[in-house]
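**Student:** As a plain string of letters, each chain reads:
Protein chains: 2
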Amino acid sequence: MVSVINFSVGKELLIGRTMNTNAHWIGGRLYKMGGMLDRVLTVTDSLEEISAGLKELLALRPDFIIVVGGLGPTPDDMTLKGIALGLERKIKFNEDAIALIKEHIEKVGREFELTPARRKMAMIPEGAVPLRNDVGTAPGVRLTAGKGTVVYCLPGVPSEMRNIFSNFTEKEIRGRLGEMHIAKVTMKLSRIYESALAPSIGEALKMHPEAYIKSHPRGLKSGVPTMELDVTVTSRESGTARSTYSELVSFLSRRISKLGGTITSKREAMK
Amino acid sequence: MVSVINFSVGKELLIGRTMNTNAHWIGGRLYKMGGMLDRVLTVTDSLEEISAGLKELLALRPDFIIVVGGLGPTPDDMTLKGIALGLERKIKFNEDAIALIKEHIEKVGREFELTPARRKMAMIPEGAVPLRNDVGTAPGVRLTAGKGTVVYCLPGVPSEMRNIFSNFTEKEIRGRLGEMHIAKVTMKLSRIYESALAPSIGEALKMHPEAYIKSHPRGLKSGVPTMELDVTVTSRESGTARSTYSELVSFLSRRISKLGGTITSKREAMK
Numbered sequence: 001m002v003s004v005i006n007f008s009v010g011k012e013l014l015i016g017r018t019m020n021t022n023a024h025w026i027g028g029r030l031y032k033m034g035g036m037l038d039r040v041l042t043v044t045d046s047l048e049e050i051s052a053g054l055k056e057l058l059a060l061r062p063d064f065i066i067v068v069g070g071l072g073p074t075p076d077d078m079t080l081k082g083i084a085l086g087l088e089r090k091i092k093f094n095e096d097a098i099a100l101i102k103e104h105i106e107k108v109g110r111e112f113e114l115t116p117a118r119r120k121m122a123m124i125p126e127g128a129v130p131l132r133n134d135v136g137t138a139p140g141v142r143l144t145a146g147k148g149t150v151v152y153c154l155p156g157v158p159s160e161m162r163n164i165f166s167n168f169t170e171k172e173i174r175g176r177l178g179e180m181h182i183a184k185v186t187m188k189l190s191r192i193y194e195s196a197l198a199p200s201i202g203e204a205l206k207m208h209p210e211a212y213i214k215s216h217p218r219g220l221k222s223g224v225p226t227m228e229l230d231v232t233v234t235s236r237e238s239g240t241a242r243s244t245y246s247e248l249v250s251f252l253s254r255r256i257s258k259l260g261g262t263i264t265s266k267r268e269a270m271k
Numbered sequence: 272m273v274s275v276i277n278f279s280v281g282k283e284l285l286i287g288r289t290m291n292t293n294a295h296w297i298g299g300r301l302y303k304m305g306g307m308l309d310r311v312l313t314v315t316d317s318l319e320e321i322s323a324g325l326k327e328l329l330a331l332r333p334d335f336i337i338v339v340g341g342l343g344p345t346p347d348d349m350t351l352k353g354i355a356l357g358l359e360r361k362i363k364f365n366e367d368a369i370a371l372i373k374e375h376i377e378k379v380g381r382e383f384e385l386t387p388a389r390r391k392m393a394m395i396p397e398g399a400v401p402l403r404n405d406v407g408t409a410p411g412v413r414l415t416a417g418k419g420t421v422v423y424c425l426p427g428v429p430s431e432m433r434n435i436f437s438n439f440t441e442k443e444i445r446g447r448l449g450e451m452h453i454a455k456v457t458m459k460l461s462r463i464y465e466s467a468l469a470p471s472i473g474e475a476l477k478m479h480p481e482a483y484i485k486s487h488p489r490g491l492k493s494g495v496p497t498m499e500l501d502v503t504v505t506s507r508e509s510g511t512a513r514s515t516y517s518e519l520v521s522f523l524s525r526r527i528s529k530l531g532g533t534i535t536s537k538r539e540a541m542k
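Note that the protein sequences, when read in sequence, are chains Z and C. Start counting the first sequence at 1; every next residue gets the next number (this note's numbering). Start counting the second sequence at 272; every next residue gets the next number (this note's numbering).
Derived by calculation from the structure, the hints in this document are not laboratory data. Incorrect hints may have been included.
[Claimed, not checked] Cross-link-like lysine-lysine pairs, in silico, DSS-like; alpha carbons within 25 Å at most: (1) LYS459(C) x LYS378(C); (2) LYS221(Z) x LYS373(C); (3) LYS363(C) x LYS107(Z); (4) LYS303(C) x LYS147(Z); (5) LYS459(C) x LYS477(C); (6) LYS373(C) x LYS206(Z); (7) LYS258(Z) x LYS271(Z); (8) LYS492(C) x LYS221(Z); (9) LYS55(Z) x LYS373(C); (10) LYS442(C) x LYS485(C); (11) LYS352(C) x LYS373(C); (12) LYS492(C) x LYS303(C); (13) LYS206(Z) x LYS352(C); (14) LYS188(Z) x LYS214(Z); (15) LYS361(C) x LYS418(C); (16) LYS102(Z) x LYS418(C); (17) LYS477(C) x LYS81(Z); (18) LYS326(C) x LYS303(C); (19) LYS81(Z) x LYS485(C); (20) LYS363(C) x LYS352(C); (21) LYS271(Z) x LYS171(Z); (22) LYS352(C) x LYS214(Z); (23) LYS537(C) x LYS373(C); (24) LYS373(C) x LYS363(C); (25) LYS303(C) x LYS90(Z); (26) LYS55(Z) x LYS326(C); (27) LYS90(Z) x LYS171(Z); (28) LYS542(C) x LYS485(C); (29) LYS81(Z) x LYS102(Z); (30) LYS206(Z) x LYS55(Z); (31) LYS171(Z) x LYS221(Z).
[To be verified] So, partial list: chain Z residues that the calculated Cβ filter (under 8 Å) puts toward chain C: (32) GLY27; (33) GLY28; (34) GLY72; (35) PRO75; (36) LYS102; (37) HIS104; (38) LEU114; (39) ARG119; (40) ALA198.
Glycine residues also receive a C-beta, built at the ideal position from the N, C-alpha and C atoms.
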């Protein structure tokens with residue numbers, strides 16, 4: 001298994017200003033590849049919080065830490081400085097980074113001058129490599145730290161994060177994961193309470209502890225209880241994923257019907 | 272200052288299934304009271320992850336940890352067991368908890384039986400107090416741990432989390448914070464790049480490091496750069512909050528205009 005952590009930086013995420021859609025998007029992308037986000041840690045824009053958070057996460061020895069936010073030109077964009085502090089490295093003006101910034105500025109038809117704001121975005125930790133941002137100014141950053149953890153630093157603007165993630169981070173993680181097969185379904189259920197189905201979910205998980213089976217109660221609709229039920233099986237073997245999946249879905253379907261419930265819809269996906 | 276951490280539990284939050292709207296909502300509520308969420312940590316439904324995460328967070332000695340998710344009847348709802356494990360306490364069947372569950376079941380017109388699923392929801396860590404849930408079955412939980420940290424455990428269903436948070440958690444935190452005054456504005460700007468405004472934000476923050484000043488670039492609109500700028504000042508003194516706020520807003524407005532930018536709208540709030 002490949003372990004991946006998201007480290008989100010930004011006060012706006014902690015004060016109800018901005019929803020952490022980036023962590024949600026990254027989690028979904030990894031899960032679709034057959035991987036998974038192990039943790040999300042969100043801290044404010046402060047050198048102490050960023051460096052302390054990084055050290056705590058490195059101590060868990062993950063394969064990847066994906067840091068998001070705080071690469072821009074404003075004074076509260078201090079992620080790279082905080083990361084460098086946590087790693088006891090210097091931040092240095094990087095020629096490749098400024099070349100990427102210059103290229104972007106000229107691409108959008110503006111004249112390049114080495115302003116302090118642009119200079120700041122080219123200051124990256126020693127040993128780090130800047131990553132091209134096709135849709136914004138601040139480059140991403142890749143470095144290795146601790147016991148072989150790969151650290152990616154991506155901008156917080158969602159379009160920029162997604163661009164660099166797709167072009168660099170995802171490719172590297174996918175290479176590490178190898179090909180994974182996924183079989184999954186979301187079933188909508190009616191006329192059954194979560195508490196009534198709970199023991200059957202427990203039995204199913206005893207049969208296949210590696211599966212992900214999760215009920216989401218959706219409240220009463222016209223006095224009738226409703227719920228969604230997710231079943232996901234991931235495996236390196238396509239045959240294993242499908243046979244485990246079929247076994248679980250038919251077991252749960254029998255139980256739902258026996259308990260008086262109805263499956264009102266099914267959305268399946270195989271990969 | 273009162274330090275508060277959100278500890279979110281649930282695999283659905285890590286795989287792109289469910290957006291962590293609860294952390295966002297709690298962060299916003301605290302900030303409106305004049306407090307702030309210091310961190311959000313999200314982990315999956317696993318006894319090891321929950322107990323290890325709790326221990327890490329307690330080591331930071333926050334005033335409050337608000338645990339959200341995993342109190343329901345299904346086998347992957349293991350938050351209270353994980354919390355108890357982290358605290359080296361037992362979980363025990365709690366008479367007050369089962370009374371609250373019974374009351375809720377009867378309120379929604381169903382007959383109460385002590386099923387294993389309901390019994391599970393009444394198993395809470397030793398020394399914990401169950402909290403009434405007006406809109407769902409699983410009670411919340413309050414306990415104290417570590418060096419005087421108050422730990423709240425709330426259900427992950429948003430309506431239930433909000434109900435217990437408002438009736439219990441918020442009241443206690445508000446009492447600890449005392450009355451706070453807030454003056455804030457969100458300005459929409461046009462014709463100015465974030466990198467051009469960055470040095471002025473830096474100067475403003477040197478004048479008042481206690482203020483929160485944050486630019487959010489909103490991209491080009493008809494070829495013209497746009498951005499939002501937040502200025503928030505929090506103080507125990509109503510006069511201080513307002514005078515610092517006025518000083519910062521007039522300083523920044525002058526700079527924006529000098530740099531060729533326009534303020535296209537302003538949304539102010541005072542409390």
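**Student:** Next, verify each hint and record whether it holds.
**Tutor:** Structure-based check of each hint:
For the suggested pair LYS459(C) and LYS378(C), the alpha carbons sit about 48 Å apart, so the restraint of at most 25 Å is broken. Proposed proximity of LYS221(Z) and LYS373(C) is supported: the alpha carbons are some 22 Å apart, at most 25 Å. Of the pairs offered as hints, the one joining LYS363(C) and LYS107(Z) is violated, with about 65 Å between alpha carbons and a cut-off of 25 Å exceeded. Restraint check: the Cα-Cα separation between LYS303(C) and LYS147(Z) comes to about 41 Å, which exceeds 25 Å; the hinted pair is violated.
Simply put, LYS459(C) and LYS477(C) have alpha-carbon atoms about 23 Å apart, close enough for the 25 Å limit, and the pair holds. The straight-line distance between the Cα atoms of LYS373(C) and LYS206(Z) is roughly 29 Å, outside the 25 Å bound, and the hint therefore fails. This hinted pair does not check out: LYS258(Z) and LYS271(Z) have alpha carbons roughly 31 Å apart, beyond 25 Å. Of the supplied pair hints, the one linking LYS492(C) and LYS221(Z) is violated, its CA atoms being roughly 43 Å apart against a limit of 25 Å.
With a C-alpha separation of about 46 Å, the suggested pairing of LYS55(Z) with LYS373(C) is violated against the 25 Å cut-off. Annotation: proposed proximity of LYS442(C) to LYS485(C) is violated, straight-line Cα distance about 29 Å (limit 25 Å). Taken as a hint, the LYS352(C) and LYS373(C) pair is honoured in the structure, with Cα atoms around 21 Å apart against an allowance of 25 Å. For the suggested pair LYS492(C) and LYS303(C), the alpha carbons sit about 31 Å apart, so the restraint of at most 25 Å is broken.
For the suggested pair LYS206(Z) and LYS352(C), the alpha carbons sit about 18 Å apart, so the restraint of at most 25 Å is met. The straight-line distance between the Cα atoms of LYS188(Z) and LYS214(Z) is roughly 12 Å, inside the 25 Å bound, and the hint therefore holds. At most 25 Å may separate the alpha-carbon atoms for a hinted pair to count; LYS361(C) and LYS418(C) meet this at roughly 19 Å. Among the hinted pairs, LYS102(Z) with LYS418(C) is inconsistent with the structure: their alpha-carbon atoms are about 52 Å apart, more than 25 Å.
Our distance criterion of 25 Å between C-alpha atoms is met by LYS477(C) and LYS81(Z), whose separation comes to about 18 Å. With a C-alpha separation of about 29 Å, the suggested pairing of LYS326(C) with LYS303(C) is violated against the 25 Å cut-off. For a cut-off of 25 Å, the pair hint linking LYS81(Z) to LYS485(C) stands: about 18 Å separates their Cα positions. Restraint check for LYS363(C) and LYS352(C): the C-alpha separation of about 10 Å stays at or below 25 Å, so the hint holds.
A C-alpha spacing of about 18 Å is found between LYS271(Z) and LYS171(Z), which places the hinted pair at or below 25 Å, so the restraint holds. Taking the CA atoms of LYS352(C) and LYS214(Z), the gap is near 18 Å; set against the 25 Å cutoff, the hint holds. At most 25 Å may separate the alpha-carbon atoms for a hinted pair to count; LYS537(C) and LYS373(C) exceed this at roughly 50 Å. Using a Cα cut-off of 25 Å, the hinted pair LYS373(C) and LYS363(C) holds, with the two alpha carbons roughly 17 Å apart.
Distance restraint check for LYS303(C) and LYS90(Z): the Cα-Cα separation of roughly 38 Å exceeds the 25 Å cut-off, and the hinted pair is therefore not satisfied. The hinted pair formed by LYS55(Z) and LYS326(C) meets the criterion: a straight-line CA distance of about 16 Å does not exceed 25 Å. Restraint check for LYS90(Z) and LYS171(Z): not satisfied, since their Cα atoms lie roughly 28 Å apart, outside the 25 Å limit. For the given pair, LYS542(C) sits about 20 Å from LYS485(C) by alpha-carbon distance, which is consistent with the 25 Å threshold.
Pair hint LYS81(Z) plus LYS102(Z) holds up; C-alpha atoms about 21 Å apart against a cutoff of 25 Å. At roughly 36 Å between alpha-carbon atoms, LYS206(Z) and LYS55(Z) are farther apart than 25 Å, so this suggested pair is violated. For the proposed pair LYS171(Z) and LYS221(Z), the alpha carbon gap of about 43 Å is over 25 Å, so the pair is violated. Of the supplied interface hints, the one on GLY27(Z) holds, with its beta-carbon coming within about 4 Å of a beta-carbon of chain C, less than 8 Å.
Annotation: GLY28(Z) was flagged as interfacial toward chain C, and the flag holds, the nearest CB pair being 2 Å apart, inside 8 Å. The beta carbon of GLY72(Z) comes within 7 Å of a beta carbon in chain C, closer than 8 Å, and the hint placing it at the interface holds. Interface hint status for PRO75(Z): upheld, as the beta-carbon distance to the closest one in chain C is roughly 4 Å, under 8 Å. Look at LYS102(Z): its Cβ only gets to about 13 Å from chain C, farther than 8 Å, so that hint breaks.
Restraint check, HIS104(Z) versus chain C: the minimum CB separation of about 12 Å is more than 8 Å; hint violated. With a least beta-carbon distance of about 12 Å to chain C, the hint placing LEU114(Z) at the interface is violated under the 8 Å criterion. With its C-beta approaching chain C no nearer than about 10 Å, ARG119(Z) sits outside the 8 Å limit, and its interface hint is violated. The closest approach between the C-beta of ALA198(Z) and any C-beta of chain C is roughly 5 Å, which is under the 8 Å cut-off, so the hint is satisfied.
Going down the numbered hints, you'll see the structure goes against 1, 3, 4, 6, 7, 8, 9, 10, 12, 16, 18, 23, 25, 27, 30, 31, 36, 37, 38, 39, while the others check out.
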